[in-house]
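Here the protein sequences line up with chains A and B, keeping their order.
Mapping to this note's numbering: the first sequence position 61 is 61, numbers consecutive.
Mapping to this note's numbering: the second sequence position 176 is 176, numbers consecutive.
One should not assume that every hint holds.
[Claimed, not checked] Some chain B residues well away from chain A (every beta-carbon gap over 10 Å; in silico): (1) L25; (2) R62; (3) R97.
[Said to hold, decoys possible] A few chain B residues that face chain A, going by a derived Cβ cut-off under 7 Å, partial list only: (4) Y156; (5) P159; (6) S184; (7) W228; (8) A231; (9) R233; (10) A235; (11) I239.
Quick caveat, the hints were computed from the structure, so don't treat them as lab data.
Remember, it's a predicted structure, so these values are computed and weren't measured experimentally.
We treat Cβ as the ideally placed atom computed from N, Cα and C, and that holds for glycine.
Here is how the chains run, residue by residue.
2 protein chains.
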Amino acid sequence: MTYCVGLLLRQGMVLLSDTRTNAGLDNISTYRKMFTFEQPGERVIVILTAGSLSVTQTTIARLRDAIDSPDANPDTSILKAETMLKVGEIVGNALARTRAEIDGKLAASQQGATASMIVAGQRRGGGMRMFLIYPEGNFIEATEDTPFLQIGEHKYGKPILDRVVTPDTSLEDARKAVLLSMDSTLRSNLSVGMPLDLAVVEKDSFTIGSTRRIEAGDPQFSAMSQAWSQALRDAFTQIQI
Amino acid sequence: MTYCVGLLLRQGMVLLSDTRTNAGLDNISTYRKMFTFEQPGERVIVILTAGSLSVTQTTIARLRDAIDSPDANPDTSILKAETMLKVGEIVGNALARTRAEIDGKLAASQQGATASMIVAGQRRGGGMRMFLIYPEGNFIEATEDTPFLQIGEHKYGKPILDRVVTPDTSLEDARKAVLLSMDSTLRSNLSVGMPLDLAVVEKDSFTIGSTRRIEAGDPQFSAMSQAWSQALRDAFTQIQI
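Generate the whole structure from the sequences, applying the supplied hints.
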């Protein structure tokens with residue numbers, strides 16, 4: 001399993017992913033699920049991935065190959081595409097093609113493969129956009145009404161986002177919100193695990209403002225997690241029914 | 001969908017269910033999912049149901065028929081069974097048989113039916129027991145380590161239970177915990193809906209201590225829901241990262 005979340009706010013975008021992958025419960029590994037693509041000052045794209053590792057790795061590799069290819073053009077390279085919408089389409093097409101190929105191979109053993117992605121970014125001359133790409137390549141977009149997107153194990157971490165995130169949320173509060181959302185998920189689903197990758201992209205910066213890998217036992221994250229548990233218990237004590 | 005939760009505590013048991021059923025998104029109804037069986041002073045049993053309404057209604061009807069039958073005996077009637085374990089087995093067998101029958105009928109149109117139940121109770125001479133009955137009739141039991149059971153849409157409401165419920169939780173706090181757990185679920189899943197049914201069974205009372213139907217717009221529940229949202233937002237503001 002996986003948990004990835006992205007927030008699209010007036011001040012910028014905040015993205016967080018875990019790194020746990022598992023093939024069964026007895027085969028757990030750590031793989032990065034956050035991939036960043038930049039032309040500083042011109043364009044920034046962050047992709048978060050969930051689902052079958054063979055699908056997501058191959059899709060990302062193909063997107064990179066297309067960028068590096070001598071034939072790279074606005075229809076094939078996410079660093080040359082003329083709009084973020086086109087970036088979403090390129091990623092969606094790459095994901096759908098890879099998924100269908102691997103699904104076909106697995107059909108031989110009555111298995112299937114699926115994956116989904118969050119694609120967030122901004123190019124000079126355009127606004128910030130954030131898409132959730134489905135396994136078939138179609139996608140939806142974050143809006144003012146619903147300024148966050150989640151993939152993977154999304155349920156445990158949704159109540160806190162529903163309550164505190166609006167388009168006007170500051171980037172500092174947004175970091176806190178995604179980390180607390182992840183904290184609830186980590187507690188309830190063993191197949192979501194540390195370390196975490198956090199990225200903040202400020203509006204109109206066209207670059208990754210900050211990235212941070214948060215390792216298991218990170219003192220700051222642990223302190224936040226404990227303080228949040230205590231705050232919840234205190235709030236619970238105060239509530240009257 | 002459905003959300004039902006039961007807490008097994010040293011002081012007693014607290015049970016809560018929603019009442020929404022749906023056949024598709026465009027056919028929503030209200031049905032009770034909490035069923036109580038009592039011989040006051042001797043035995044009390046509460047059953048919560050989730051899943052296909054045709055399966056759960058028929059199962060409950062069969063359990064009632066077995067109680068009312070002139071041939072009622074400790075192997076067929078949950079009000080005569082000699083232990084709560086036997087009650088769990090009778091309910092499990094009735095559920096498994098009903099589910100298998102209805103599943104067979106639906107196979108003709110490539111559909112299936114499934115359902116699960118929580119069975120909680122105490123008989124004079126025995127301890128309080130709480131079981132989660134799976135669609136196949138097997139079951140697991142709440143313990144000191146995990147003093148709560150959930151069926152239906154369990155994920156949204158689990159983080160609060162994980163944080164505040166222990167076997168030593170008071171019945172008053174337990175009521176609050178299940179209502180807040182339900183509140184998070186109602187907010188996130190439209191197929192879980194008001195009104196709610198709440199029951200409290202005190203240890204060694206062998207009767208339903210209190211039941212309450214909480215209607216949509218109930219002022220006490222609404223106030224609690226708003227206070228909890230505010231408390232969460234306040235806690236969020238105070239947390240440092």
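**R233(B) as chain A interface residue, shortest Cβ-Cβ below 7 Å** = Because about 6 Å separates R233(B) from the closest Cβ in chain A, which is inside the 7 Å limit, the hint holds.
**Asked** Can the hint on P159(B) be confirmed by a CB-to-CB distance to chain A that is less than 7 Å?
**Response** 5 Å, holds
**A231(B) as an interface hint toward chain A, with CB separation required under 7 Å** = 4 Å, holds
**Request:** Verify the interface restraint on W228(B): the C-beta must sit less than 7 Å from at least one C-beta of chain A.
**Result:** Holds, because the Cβ-Cβ distance from W228(B) to chain A comes to roughly 6 Å (cut-off 7 Å).
**Message:** Less than 7 Å between beta-carbons is the criterion; does S184(B) satisfy it with respect to chain A?
**Reply:** 5 Å, holds
**Message:** For R62(B), is the shortest CB-to-CB distance to chain A above 10 Å, so the non-interface label stands?
**Reply:** The assertion about R62(B) holds, with a minimum of 33 Å to chain A.
**Item:** Interface exclusion of L25(B) relative to chain A, criterion Cβ beyond 10 Å
**Value:** 18 Å, holds
**Prompt:** For the hint on A235(B), does the least C-beta distance to chain A fall short of 7 Å?
**Reply:** 4 Å, holds
**Request:** Beyond 10 Å from every chain A Cβ: check whether that's true for R97(B).
**Result:** 30 Å, holds
**Asked** How about Y156(B): closest beta carbon in chain A under 7 Å, or not?
**Response** 6 Å, holds
**Prompt:** Can the hint on I239(B) be confirmed by a CB-to-CB distance to chain A that is less than 7 Å?
**Reply:** 5 Å, holds
Comparing the model with each earlier hint shows no violations; every hint is respected.
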